[in-house]
Amino acid sequence: MVGGMKGTDSRNEIIETRNLTKKFRSLTAVRNLSLKIGRGEVTVLFGPNGAGKTTLIRILCTLSRPTSGDLLVDGLNTSNNGREVRRKIGVVLHDPLLYDDLTAAENLRFYCRMYGSDESRVDELLDLFGLRHRRNDRIAVLSSGMVKRLSIARAMIHDPDILIFDEPFSSLDSDSISKMVSLIGQLRSGGKTVLLATHHLKEGYDVGERLVIMKKGRIVFDERKAETSAVEFESAYDELTGASS
Amino acid sequence: MTFGALRIAQKDLNIELRTRERMTSMVLLSLVIILSFRFAFFGFDVNLTGSPELVAPILWTTIFFAGLVGLESSFSYEKENKYLDGLLLLPTSRFSIYLGKMLSNFLFLVVIDVMTVVFIIAFFAYDFGGDILTLFLVLLLGTFSFVAMGTLISGMTMSARTRQSLLQIALIPLIVFTVVIPAVVATSTVVIGSGDLAPDLRILGGFGILSLLLAYLLFGHILEG
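From first to last, the protein sequence lines stand for chains R and D.
Just so you know, we're using my numbering here: the first sequence kicks off at 1 and counts up by one.
Just so you know, we're using my numbering here: the second sequence kicks off at 1 and counts up by one.
If you are wondering where the hints come from, they were derived from the structure by calculation, not from laboratory data.
Keep in mind that a hint or two might mislead.
Distance condition first, Cα-Cα at most 25 Å in a straight line; then the derived SDA-like pairs of lysine to any residue [said to hold, decoys possible]:
hint, chain 1, residue 1, chain 2, residue 2
1, R, LYS192, R, LYS202
2, D, LYS79, D, ARG202
3, D, LYS82, R, GLU84
4, D, LYS82, R, ARG25
5, D, LYS82, R, LYS202
6, R, LYS23, D, ILE222
7, D, LYS79, R, PHE24
8, R, LYS23, R, ASP95
9, R, LYS216, R, ALA230
Between beta-carbon pairs, the in silico distance windows are [stated by the list, open to error]:
hint, chain 1, residue 1, chain 2, residue 2, range
10, R, LEU27, D, ALA198, 41 to 47 Å
11, D, VAL118, R, SER182, 57 to 63 Å
12, D, LEU6, R, GLY242, 49 to 55 Å
13, D, LYS82, R, SER178, 25 to 31 Å
If you want the footprint, here are the derived chain R segments under chain D, 3+ residues with CB under 8 Å [said to hold, decoys possible]:
hint, segment
14, 60-70
15, 92-106
16, 224-232
Owing to the predicted nature of the structure, the values given are computational and were not obtained by experimental measurement.
Yeah, the Cβ is synthetic: ideal placement off N, Cα and C, and Gly gets one too.
Turn these sequences into a full structure, and let the hints steer you where they fit.
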């Protein structure tokens, strides 16, 4: 492992994986992975397609069970505390997880009620993401940028401590990417722990405090951004993954 | 019944009120089946009152077929449109998701129960008389039992490309002796007015509860599998 960073002060760890492995029949997507993520830290997982980023994200947000190993979120083992863990995390996946046949407000209200959050949060988030004027429009008629923003609002409806993003920059135009980078900065300023998986090196580098590269289910690079320049990071990425950034 | 389940059912009802996709298919199918029986058995000479033993099979054939159409789209709507992960990320038990889906399936099928009875009254000029309340008790219990197992099987088959036939292949053998026959016999007992209802109601209720218990034990594994 390049860098060899093992994580943060154990008192401040909010996510910890211990020897996590996920197999799909003969394919091992995540191999014996141990990772500690500190509270309030922005960690970016990089890696080419098939590196295991999405599999790891799905395990972290309890959508998939590991074949072996443990995952602790805020001290809770996900294998027997799935409901409590899901209260602590907000997840933005590639799919927006919003019902096309419901309006923006109805979608947020549904998730708000499911989390037992105050319904005033719906308008608060619609305002925050500049979607108040589209609150009564069905998802099917919103632009993809609006849907992406609304999916982040959905993930934040219960004000979680941890935000997890899977490929947040994909299918966004440059203006929307800038807004996304700015939003992640705001989340960091607000003390949220952010974990995101991306293959967008520049944007990922810009938002991250800690940079992790995965390849074939393993962590092959783990460094703080302060310790590596963008150029050094890109060349390490190319070297370790065999890709050209 | 958990609050989470009620909210999931409410969400399904809101979507159905807006799209009317599922109910339209179910109502049209039930209408076609009733009309087929109407003209096959009686031509233009309407007299089901003289053949009350035919009421139960006509009623339940219609309900089961319309119910299968509704069950098939219950989870596949979530899966195909990629909404399922949203439900799985909620801080609610997997069993609550099952209960929510079961409740919405039950309510949709109760509407079909009522409409089928209305169609029989309308197209066969059949008079249920004072039996109607007891009939609805049987319909509710049979529908609950059918939907309780049907929702579980619908969850199991949602990822399969051939889920419609798989649902039927898996569900029908399970419900022949536990739901179909008891429901038809109990309904005939009510309509004809002789016999003991209790044994068939016990089978229907017992199978419904057994289905809930199986869902409680298995549904988490089914969804996460």
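Going through the hints against the structure:
1. In summary, the hint linking LYS192 of chain R to LYS202 of chain R is supported, as the alpha carbons are separated by about 22 Å, within the 25 Å threshold.
2. Annotation: proposed proximity of LYS79 of chain D to ARG202 of chain D is violated, straight-line Cα distance about 35 Å (limit 25 Å).
3. For a cut-off of 25 Å, the pair hint linking LYS82 of chain D to GLU84 of chain R stands: about 24 Å separates their Cα positions.
4. A C-alpha spacing of about 24 Å is found between LYS82 of chain D and ARG25 of chain R, which places the hinted pair at or below 25 Å, so the restraint holds.
5. This hinted pair does not check out: LYS82 of chain D and LYS202 of chain R have alpha carbons roughly 29 Å apart, beyond 25 Å.
6. For the proposed pair LYS23 of chain R and ILE222 of chain D, the alpha carbon gap of about 18 Å is at most 25 Å, so the pair holds.
7. About 20 Å separates the Cα atoms of LYS79 of chain D and PHE24 of chain R, which keeps this hinted pair within 25 Å; it holds.
8. Of the supplied pair hints, the one linking LYS23 of chain R and ASP95 of chain R holds, its CA atoms being roughly 23 Å apart against a limit of 25 Å.
9. Pair hint LYS216 of chain R plus ALA230 of chain R holds up; C-alpha atoms about 23 Å apart against a cutoff of 25 Å.
10. For LEU27 of chain R and ALA198 of chain D, the hinted distance range of 41 to 47 Å is not satisfied, since their beta carbons lie about 55 Å from each other.
11. Taking the beta carbon of each, VAL118 of chain D and SER182 of chain R are about 58 Å apart, inside 57 to 63 Å as hinted.
12. For the pair LEU6 of chain D and GLY242 of chain R, the beta carbons lie near 52 Å from each other, so the given range of 49 to 55 Å is met.
13. Look at LYS82 of chain D against SER178 of chain R: about 27 Å separates their beta carbons, and that is inside 25 to 31 Å.
14. Residues of the segment 60-70 of chain R with a Cβ under 8 Å from some Cβ of chain D number 5, which satisfies the need for three, so the listed coverage holds.
15. With a cut-off of 8 Å between beta carbons, the segment 92-106 of chain R has 9 residues touching chain D; three or more are needed, and the interface restraint holds.
16. Figure legend: the segment 224-232 of chain R, annotated as covered by chain D; annotation inconsistent (0 residues with Cβ-Cβ distances under 8 Å, at least 3 required).
The earlier numbered hints that this structure contradicts are 2, 5, 10, 16.
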